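Undergrad: Sequence:
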Amino acid sequence: MELLSKINFLSVFCCLCLNLGVARDTIISPQSIRDPDYIISNGSAFKLGFFSPVNSTNRYLGIWYNRISVFTVVWVANREKPLKDSSGVLTISEDGNLVVLDGQKEILWSSNVTNCVAISNFHLSDSGNLVLRENTRGKIIWESFQHPSNTFLPKMKLSINLRTNQTVQYTSWKSPSDPSIGSFSVGMAPGSIPEAFIWKDGRPYWRSGPWNGQIFIGEPDWNAEYHNGFNLVDDKEGTVYATFDYANVLPLSKFVLNSQGNLVQTYWDDSKEDWKVVGLAPKDECDVYGTCGAFGSCDSQRKPICSCIRGFEPKIIEEWNRGNWTSGCIRRAALQCQRVNNSGEEGKADGFLKLKMFKVPDFMERSYGAKESCRKQCLENCACVAYAHDAGIGCMSWSGNLIDLRKFSIRGSDIYIRLAYSEFNKERYLKVIIRITLIIGVIAIARTACYLWRWTAKKPARKIKSRKSLLLDYLNDVKLNELTVFSLKEVATATNNFHVSNMLGRGGFGSVYKGKLHDGQEIAVKRLSTSSRQGLEEFLNEVVVISKLQHRNLVRLIGYCTEGEEKVLIYEYMPNKSLDVIVFDPLNQRLLDWKKRFNIIEGIGRGLLYLHRDSRMKIIHRDLKASNILLDEDLNPKIADFGIARIFDGIENQANTKRVIGTYGYMSPEYAMQGLFSVKSDVFSFGVLILEIVSGRKNTSFYNDEQYYLSLVGFAWKLWNDGNSMALIEPAIWDPCFRMEMLRCIHVGLLCVQETARDRPTISTVISMLNSDIMDLPFPKQPAFTERQIASNCEPAQQGQIRISTCNVTLTTIYGR
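Count the sequence shown with mature numbering (1 follows the signal peptide of the UniProt record, and there is no 0) and you get residues -23 to -1, 1 to 794, in order.
No lab work stands behind these hints, which were simulated from the structure alone.
Small disclaimer: the values here were computed from a predicted structure and weren't measured.
Hints may be right or wrong, so weigh each one.
Taking CB as the label site, the calculated pair distances span [what the hints assert, rightly or not]: (1) GLU295 <-> VAL409: 23 to 31 Å; (2) GLU295 <-> GLU57: 40 to 48 Å; (3) ILE117 <-> GLU57: 21 to 29 Å; (4) ASP212 <-> ASP178: 29 to 37 Å; (5) THR739 <-> ASP62: 47 to 55 Å; (6) GLU295 <-> ASN698: 29 to 37 Å; (7) ASP14 <-> ASP211: 37 to 45 Å; (8) THR739 <-> ASP570: 27 to 35 Å; (9) SER506 <-> MET650: 24 to 32 Å; (10) SER9 <-> ASN613: 52 to 60 Å; (11) ASP557 <-> SER506: 15 to 23 Å; (12) ASP62 <-> ASN613: 44 to 52 Å.
Here are the computed lysine to aspartate or glutamate pairs in the EDC-like style, where the Cα-Cα straight-line distance is at most 20 Å [to be verified]: (13) LYS24 <-> GLU120; (14) LYS333 <-> GLU400; (15) LYS132 <-> ASP103.
For each residue, glycine too, the CB sits at the ideal point set by N, CA and C.
Can you make the complete structure from the sequences, with help from the hints?
TA: Laid out in structure tokens, this is it:
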């Protein structure tokens, strides 16, 4: 009897131990974790258990943060084999491996280590590392830090063994609701100098530039990260790894490779109870690998962003002019040693062109030496086309195509490009200057003679009005109400003489500056370019149209200035700039939750309703897009830029133009291809805007990523037909409370972008649909430009390019803005 009591006591004690084990940080074989049980690390930083991603019912074993309000997964085990129910078990198998089993005892995931010992345990550390150890010696058999998912945590190692090329890489999720391995991976690349890469389907997508012992010289903006604990270590045994530890600065921080290929650095902001984005790569088009092709330079501050470096010209000029820069550039004049080898012609020695503040290109060769010796080494090697020097690296030289060149606005490296002597020949340029001067002189003399002849042929009393007087007469004739006429001196004072630090942006017909009047009122000053052919027409149109309009969702014109050749418009200042600055920027997207986005959609709709129906005249905007929607301090939208707007009379419903002006991607098909425009053209543009606001993606962003979809509109149509429209919604704004409202917006957006104008609703109907005044919405018809068929005689758009396959789309000449 006494023996039976002891046995019962031991049984109860063992059961208690087993249950307590689920609440601790260590599980000893043969214990296990069954869904929904979990274990928590010793300091309560991380939790290990089973979870379901957003918008999914699948179950996965994962690790996530335990003490923050936002559910954030940092590691997933069974990424490729999810559980379909809550029957999952994590345990230690008979051979000593960690395994995830389903309800039928089938192994869905295993640590897959050979020569394990059966007696082992697994432990969750406060760093987020899941460690499998031997019970006896405590030797680590396996750890999750060596088999990461998409998250790079402090003390983790992003490594490569230069002898074996064995790497530890991070791979993206397919989507926020699908942790399976996506298209992107990040890791260290093999080579003489460590360098980090993001790959898309195995092809380079982003490159950090080489490590010089202190920084990655291709990412000069990362200075704060280097000083705060980011480092690259060589263990002297062939392994190089990147690691970071911001514990003293940012207790909770991480890098995540998201499903769109962005490496996003965030830290936990306790005051806002959310993750704050502090770093992003790639951060712009120029950061995408090889955007401008061989010998092409990318500068995000210029339009177009790609140009050939001096001494080179586009390889395929037609493609280059269409915005397809992937073919790159070729040398104009052969180098001296190439001429000697090919024809025996000696010629004059080559020289070097200095490019300041650049990202060094890929495929470099390293040698040691001072800066002067780098130049000598390059000149002595006929294959050398460029060199650079860094104190931490030594000499860098390139013997093939220069790929992934970009211009920085700060820091960067000096690169010396080898050019033929003729490219530096001053006499050649002097001759060109003389010829141009002679041509200009002849034209000036001819025009002067013609002017004098016309002047003497007419009556002396007849005078020719200057451009300025014609402009002022016209402005007086239209009786502009409540507009202030500013002097150029007043405008210059308000903008600090149009100083570059006051510049807010640059548009198709000039620049916009921030200013402050003498009474303290902040203003936005649009200064039209004197060289623009459309400048005067744009100016007159904008002044006349906006002066007659007053609405809370239209930007307000305060006044104008016409002095000499200057044409200036003065608007109310919008502190939050334009919609595209926020909604398309991964750093700013979180400023707009769903309520704010829906308010913006409604506001744009109300502004259009006023233009189309409620104002004294019917007005077609013709250039409605995200960059022409300004946001005030409360993020209320205001439609701006009426430079190409058209006023209709009372009975006019449609017009035709031979000069199609606008922005591709927002133009309706009948306008882009036939020059026909009406209120339904603005409705089409509004539909594109709705889809962009819901998804957080540009309509043109699909030119590079998807093989079969020409635009966001085409992708939205595909998801609609598949019954999966929720996949279009920007994950950062997802809220199940507003699910129906989000889906309604997508539905309305697709109705607005239907191919035929008569099928699209009017803006008043659109507003009723958005506000649920019309409950039963019609089924949308297929939009225009939805699919791109890749044929043998067509070349698909490459990453970083925006162009159209010539296989199935033909457009009239379009003047882009």
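Undergrad: Now look at each hint and say whether the structure bears it out.
TA: Each hint tested on the structure:
Judged by the Cβ atoms, the range 23 to 31 Å given for GLU295 and VAL409 holds: they are separated by roughly 25 Å. Checking the proposed 40 to 48 Å range against GLU295 and GLU57 shows it holds: the Cβ atoms sit about 45 Å from each other. Look at ILE117 against GLU57: about 25 Å separates their beta carbons, and that is inside 21 to 29 Å. A hinted range of 29 to 37 Å holds for the C-beta pair ASP212 and ASP178, which are about 31 Å apart.
A C-beta distance of roughly 49 Å is found between THR739 and ASP62, which places it inside the suggested range of 47 to 55 Å. Judged by the Cβ atoms, the range 29 to 37 Å given for GLU295 and ASN698 holds: they are separated by roughly 36 Å. Judged by the Cβ atoms, the range 37 to 45 Å given for ASP14 and ASP211 holds: they are separated by roughly 42 Å. Under the hint 27 to 35 Å, the C-beta atoms of THR739 and ASP570, about 29 Å apart, fit the expected range.
The hinted range of 24 to 32 Å is satisfied by SER506 and MET650, whose Cβ atoms lie roughly 29 Å apart. The given range of 52 to 60 Å is respected by SER9 and ASN613, whose C-beta atoms sit roughly 56 Å from each other. Between ASP557 and SER506 the beta carbons are some 21 Å apart, a value that agrees with the proposed interval 15 to 23 Å. Checked against the hint of 44 to 52 Å, the C-beta distance between ASP62 and ASN613 comes to roughly 47 Å, which is consistent with it.
A hinted pair counts as satisfied when its Cα atoms are at most 20 Å apart, and LYS24 with GLU120 qualifies at roughly 16 Å. Proposed proximity of LYS333 and GLU400 is supported: the alpha carbons are some 18 Å apart, at most 20 Å. A hinted pair counts as satisfied when its Cα atoms are at most 20 Å apart, and LYS132 with ASP103 qualifies at roughly 11 Å.
Every hint from the earlier list agrees with this structure, and none is contradicted.
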